[in-house]
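Engineer: When the letters of the sequence shown are read in order and numbered with the numbering used here, they come out as residues 31 to 333.
Please note that the accuracy of each hint is not assured.
[Stated by the list, open to error] Here are the in silico distance ranges between beta carbons for each label pair: (1) K157 / E225: 25 to 35 Å; (2) V229 / H260: 11 to 21 Å; (3) L186 / T156: 57 to 67 Å; (4) K323 / F289: 48 to 58 Å; (5) M177 / S249: 15 to 25 Å; (6) C327 / D103: 21 to 31 Å; (7) L145 / K106: 52 to 62 Å; (8) L162 / T272: 21 to 31 Å; (9) K106 / Q130: 13 to 23 Å.
[To be verified] Cut-off 35 Å, straight-line C-alpha distance, at most; resulting in silico cross-link-like pairs (DSBU-like, lysine-lysine): (10) K157 / K251; (11) K108 / K157; (12) K172 / K235; (13) K108 / K323; (14) K323 / K312.
For the record, the hints were derived by calculation from the structure and aren't laboratory data. For each residue, glycine too, the CB sits at the ideal point set by N, CA and C.
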Amino acid sequence: MVDVFASHGLQRIVVGVGLFDRSSPGKAGGICQNGLGKRSFVEAQVPERKETAGSSGKDGGFSEQPSLRDVGDYIKLKKFYAAALEACSIKDEEARQLRQKMSALIGEVEGITRLVATGARAHANTKVVQLLEHQEDLEMEKSVLQMRTQRLVNELENLRPLCKEYAAKACSQTLTNNPRSQYEEAVGKLRLKLELQHVASEVDKMRQELTLRDMEINSYKERMAQLREHSLQQEQLLTARTTELECCKSRELELRRSFAQRLQSLEMTLNASQCAFASREKELLRQLAAAEKRGQCLAANTK
Numbered sequence: 031m032v033d034v035f036a037s038h039g040l041q042r043i044v045v046g047v048g049l050f051d052r053s054s055p056g057k058a059g060g061i062c063q064n065g066l067g068k069r070s071f072v073e074a075q076v077p078e079r080k081e082t083a084g085s086s087g088k089d090g091g092f093s094e095q096p097s098l099r100d101v102g103d104y105i106k107l108k109k110f111y112a113a114a115l116e117a118c119s120i121k122d123e124e125a126r127q128l129r130q131k132m133s134a135l136i137g138e139v140e141g142i143t144r145l146v147a148t149g150a151r152a153h154a155n156t157k158v159v160q161l162l163e164h165q166e167d168l169e170m171e172k173s174v175l176q177m178r179t180q181r182l183v184n185e186l187e188n189l190r191p192l193c194k195e196y197a198a199k200a201c202s203q204t205l206t207n208n209p210r211s212q213y214e215e216a217v218g219k220l221r222l223k224l225e226l227q228h229v230a231s232e233v234d235k236m237r238q239e240l241t242l243r244d245m246e247i248n249s250y251k252e253r254m255a256q257l258r259e260h261s262l263q264q265e266q267l268l269t270a271r272t273t274e275l276e277c278c279k280s281r282e283l284e285l286r287r288s289f290a291q292r293l294q295s296l297e298m299t300l301n302a303s304q305c306a307f308a309s310r311e312k313e314l315l316r317q318l319a320a321a322e323k324r325g326q327c328l329a330a331n332t333k
């Protein structure tokens, strides 16, 4: 922060432009670029004015105090201006580095967001495809089991009339049959009973297997519903992150515009301050040149 006196028509500013130096011819070789040169110029002029102080007091046309004060103010202004330029150059470099860092961070955030979104979508799509394929396989197995069960049920239904017919024939036979025919009849009944039991057991197994398959299909359907819900949540989260990223981008644009406006206002203030400083410098140089000429004239008149 640089303080510039209001008496010189300037303001309090933070700026960053190049330093300019002006010089004018004089007895001590003009005004140098640093404060030491200005001080040597003042010291070179002071003794001569002290010698001519008596005669100038009589004439009432020259006084050295205002010129010395103006030179001191000029030196202070030059020092303040140099400090302001240095501080402003540092601030400009920091602002440039911050812009670069912000751009790099925004690029990294966008890349990470794209990678996360792509990975989540690919994983969810893969899971859904696998579950659909497994569900199709289970549906095919279920249809095959249903066909086998239906075939066994049909065979059982076909065997029942035969069993009834065989039982009716056995009941219609007389008690005078020989033992061999009775033995064959008993063996046939036993075979038929065993076959019926075997078919019934197979039907029960098929039904149990169908029940298990139905339970497994229902569990896979529930899992698929959970995965779809999770995928929907991921989509919502991704949408929220995308919205947040868009808000950050808009905020960044607003900050950049605000920063550009502030820089522009600072540059305008600096230009106005430079103009005021240049006019003040010209006025001081003119006063110094006039004072020098007056001193020379007074010295010549004294001699």
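Engineer: Would you mind marking each hint as holding or not holding in the structure?
Structural biologist: Hints, verified against the model:
no. : hint                    : result
1   : K157 / E225: 25 to 35 Å : violated, 47 Å
2   : V229 / H260: 11 to 21 Å : violated, 46 Å
3   : L186 / T156: 57 to 67 Å : violated, 45 Å
4   : K323 / F289: 48 to 58 Å : holds, 50 Å
5   : M177 / S249: 15 to 25 Å : holds, 24 Å
6   : C327 / D103: 21 to 31 Å : holds, 25 Å
7   : L145 / K106: 52 to 62 Å : holds, 58 Å
8   : L162 / T272: 21 to 31 Å : holds, 28 Å
9   : K106 / Q130: 13 to 23 Å : violated, 37 Å
10  : K157 / K251             : holds, 13 Å
11  : K108 / K157             : violated, 73 Å
12  : K172 / K235             : holds, 13 Å
13  : K108 / K323             : holds, 24 Å
14  : K323 / K312             : holds, 16 Å
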